[in-house]
Amino acid sequence: MDREVDGQRMTPAQRDDLLTQKALFEDQYPNFQDSLRGKVVGFAQGRRYAGNTVHEVLDTVKREHPGSMLYFEPIGFDII
Amino acid sequence: MGNLRSHSSRTGDCRPFQKGSAEGTKNGATAVMSKEWLIDTGAEVSAITKSNADNFDLTPLAATARATSTGAGLAMHSGLTMVFDVKDSTGADVTARCSLDVGVKPDDAGSEILGMDQIAHVKARVGWDPVALDGYLRQ
Numbered sequence: 000m001d002r003e004v005d006g007q008r009m010t011p012a013q014r015d016d017l018l019t020q021k022a023l024f025e026d027q028y029p030n031f032q033d034s035l036r037g038k039v040v041g042f043a044q045g046r047r048y049a050g051n052t053v054h055e056v057l058d059t060v061k062r063e064h065p066g067s068m069l070y071f072e073p074i075g076f077d078i079i
Numbered sequence: 066m067g068n069l070r071s072h073s074s075r076t077g078d079c080r081p082f083q084k085g086s087a088e089g090t091k092n093g094a095t096a097v098m099s100k101e102w103l104i105d106t107g108a109e110v111s112a113i114t115k116s117n118a119d120n121f122d123l124t125p126l127a128a129t130a131r132a133t134s135t136g137a138g139l140a141m142h143s144g145l146t147m148v149f150d151v152k153d154s155t156g157a158d159v160t161a162r163c164s165l166d167v168g169v170k171p172d173d174a175g176s177e178i179l180g181m182d183q184i185a186h187v188k189a190r191v192g193w194d195p196v197a198l199d200g201y202l203r204q
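Line by line, the protein sequences are chains W and B. Each residue of the first sequence is one higher than the last, beginning at 0 in the numbering used here. Each residue of the second sequence is one higher than the last, beginning at 66 in the numbering used here.
Take these hints with a grain of salt, some might be off.
Restricting the straight-line Cα-Cα distance to at most 30 Å, the calculated cross-link-like pairs of lysine-lysine (BS3-like) are [as the list claims (entries may be wrong)]: (1) Lys38(W) to Lys115(B); (2) Lys38(W) to Lys91(B); (3) Lys21(W) to Lys38(W); (4) Lys115(B) to Lys61(W); (5) Lys91(B) to Lys61(W); (6) Lys38(W) to Lys61(W); (7) Lys38(W) to Lys188(B); (8) Lys21(W) to Lys115(B).
Output of the computed footprint for chain B on chain W, the stretches with three or more beta carbons under 8 Å from beta carbons of chain B [unchecked claim]: (9) 12-22; (10) 68-77.
Simulated DEER-style distance windows between Cβ atoms [what the hints assert, rightly or not]: (11) Ala12(W) to Ala197(B): 48 to 58 Å; (12) Gly37(W) to Gly175(B): 19 to 29 Å; (13) Thr76(B) to Glu55(W): 33 to 43 Å; (14) Cys79(B) to Thr10(W): 41 to 51 Å; (15) Arg46(W) to Val187(B): 28 to 38 Å.
Because the hints were derived from the structure by calculation, they are not lab data. Since this is a predicted model, take the numbers as computed values, not measurements. Here a beta-carbon is modelled for each residue, glycine too, at the ideal position from N, C-alpha and C.
Work the whole structure out from these sequences, hints included.
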């Protein structure tokens, strides 16, 4: 994420928002690592989102929290 | 002859590639970069290298620390259009443009990836013969 800031593709505030959401993800991971296996799970504005694809989760967050950053991970699989 | 081929400069690479371009803006002006896309059926999202991303003004949306089994991260952005060819029902190449949000790699390792999200979005199919090094993207 620091490289994104260095490359001027992300502001320090957006990075800090992402790191806050990442910390929430890691804190709550034990609560959903089994039940949401195979899903893409993310956090934005302190709220958890899950979907079948990255785009599905992103579209929901863009609709509900325009301009907010989403931290996400695929649970139990890779996306590239 | 299809519209997918092996990499133009790497002999022995049996993966499918296609020459296309990336479109966007940079400092308010139109920016177009020629690219050689890897057609990656193992990629759920399309992704470009850091250096390629530097050519465009992109809007950050999301990030993950774990996009791959090796733990590489990925940042998702809007603002880029991937341009590639898809054969129509007559076998003619038609230019497809897809502006789905795209991943930006943390470095320049690996290829510029045209993933299954964009292939699905334009309702194309992939066929590839890794022996003949010939294949297609078609409707």
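Going down the list of hints, with the structure as the test:
no.	hint	result
1	Lys38(W) to Lys115(B)	holds, 27 Å
2	Lys38(W) to Lys91(B)	violated, 35 Å
3	Lys21(W) to Lys38(W)	holds, 17 Å
4	Lys115(B) to Lys61(W)	holds, 24 Å
5	Lys91(B) to Lys61(W)	holds, 23 Å
6	Lys38(W) to Lys61(W)	holds, 18 Å
7	Lys38(W) to Lys188(B)	holds, 23 Å
8	Lys21(W) to Lys115(B)	holds, 22 Å
9	12-22	holds (count 3)
10	68-77	holds (count 7)
11	Ala12(W) to Ala197(B): 48 to 58 Å	holds, 52 Å
12	Gly37(W) to Gly175(B): 19 to 29 Å	holds, 25 Å
13	Thr76(B) to Glu55(W): 33 to 43 Å	holds, 39 Å
14	Cys79(B) to Thr10(W): 41 to 51 Å	holds, 42 Å
15	Arg46(W) to Val187(B): 28 to 38 Å	holds, 32 Å
The structure shown violates just one earlier hint, number 2.
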